[in-house]
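The residues making up each chain are set out below.
There are 2 protein chains.
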Amino acid sequence: MLIRLTPNENMPLHEQIAHAVRDGILNGSVADGERLPSAKALGESLGVSLHTVLRAYQALRDAGLIDLRRGRGAVVTALSEPSRAKATRILDEAVCHLNELGLPPETVLALFRSRLERAQIS
Amino acid sequence: MLIRLTPNENMPLHEQIAHAVRDGILNGSVADGERLPSAKALGESLGVSLHTVLRAYQALRDAGLIDLRRGRGAVVTALSEPSRAKATRILDEAVCHLNELGLPPETVLALFRSRLERAQIS
DNA sequence: ACCTATTTGTCCGTATGTATG
DNA sequence: CCATACATACGGACAAATAGG
Chain A
423 MLIRLTPNEN
433 MPLHEQIAHA
443 VRDGILNGSV
453 ADGERLPSAK
463 ALGESLGVSL
473 HTVLRAYQAL
483 RDAGLIDLRR
493 GRGAVVTALS
503 EPSRAKATRI
513 LDEAVCHLNE
523 LGLPPETVLA
533 LFRSRLERAQ
543 IS
Chain B
423 MLIRLTPNEN
433 MPLHEQIAHA
443 VRDGILNGSV
453 ADGERLPSAK
463 ALGESLGVSL
473 HTVLRAYQAL
483 RDAGLIDLRR
493 GRGAVVTALS
503 EPSRAKATRI
513 LDEAVCHLNE
523 LGLPPETVLA
533 LFRSRLERAQ
543 IS
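Chains as they are written, first to last, in my numbering: chain A, 423 to 544; chain B, 423 to 544.
Mixed in with the good hints there might be a few duds.
These stretches of chain B come out as covered by chain A in the derived footprint (C-beta under 8 angstroms, 3 or more residues) [as the list claims (entries may be wrong)]: (1) 475-485; (2) 516-527.
Beyond 10 angstroms from chain B on every Cβ pair, some chain A residues (computed) [stated by the list, open to error]: (3) Ser451; (4) Lys508; (5) Asp514.
Calculated directly from the structure, the hints in this document are not laboratory data. Built from N, CA and C at the ideal position, the CB exists for glycine as well.
Can you build the whole structure from these sequences, using the hints too?
Following this line, the structure appears as structure tokens:
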């Protein structure tokens, strides 16, 4: 996967990296189950610090796109396609209703996270 | 707000800080609109680095609990109660349907985030 | 069972940049 | 202009988990 960084753009490096990898995963150019290069290796090849790559990887983990573990590296998470499609329909409808409330997206996201956790427990 | 750090617990310092502040916000001991101490000041009073506090603050921002901006500091986010209640109902129903799909919560969260962003653009 | 190399996790210090008041 | 405060990025150090020999 090719990643090109634009040094002077206002988008931070870690975000540029995260977006590039995310796009690679979503458009299929990086296969499910594939192992991403180590943070050190990718950092060296991009001319950035290990920390910067790690920050990008950790964001992708928070987004559920990769499985990131010590000693193991970053592995692309496999998604179940039919369930994914159904989930998308349900979520799109909810988002449509939510948009009318005028709440800031971060708030909606925080609420969703809390409801999701709550459902997980019970 | 009193924060006590336990150095040897397996919970990272930034997470301990985030949880403490989050609890303070949710149980009302920190009022809406109140300004949290600067990362530098809190770091010095806790004996940790500015970065560690900033990381905690940024997590709270991602969770929608505070408004964190350059030059301004961290201000506790006030939530509009009626809209919040409606959003909670909508989300609970969606989560109920989503639970039947058996997708991992991180995947559901990632999907929700992507649908939310998509709705934001259009 | 042991050792070693790899890889991420956390934390610190420092430097520079940018937005706010 | 200036002080404050967050944002990003780097490098270094050590810890902890994993994998392979």
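Each hint, compared with the structure:
{"no.": "1", "hint": "475-485", "verdict": "holds (count 3)"}
{"no.": "2", "hint": "516-527", "verdict": "holds (count 11)"}
{"no.": "3", "hint": "Ser451", "verdict": "holds (18 angstroms)"}
{"no.": "4", "hint": "Lys508", "verdict": "violated (6 angstroms)"}
{"no.": "5", "hint": "Asp514", "verdict": "violated (6 angstroms)"}
Hint check: violations occur at hints 4, 5; the rest are consistent with the structure.
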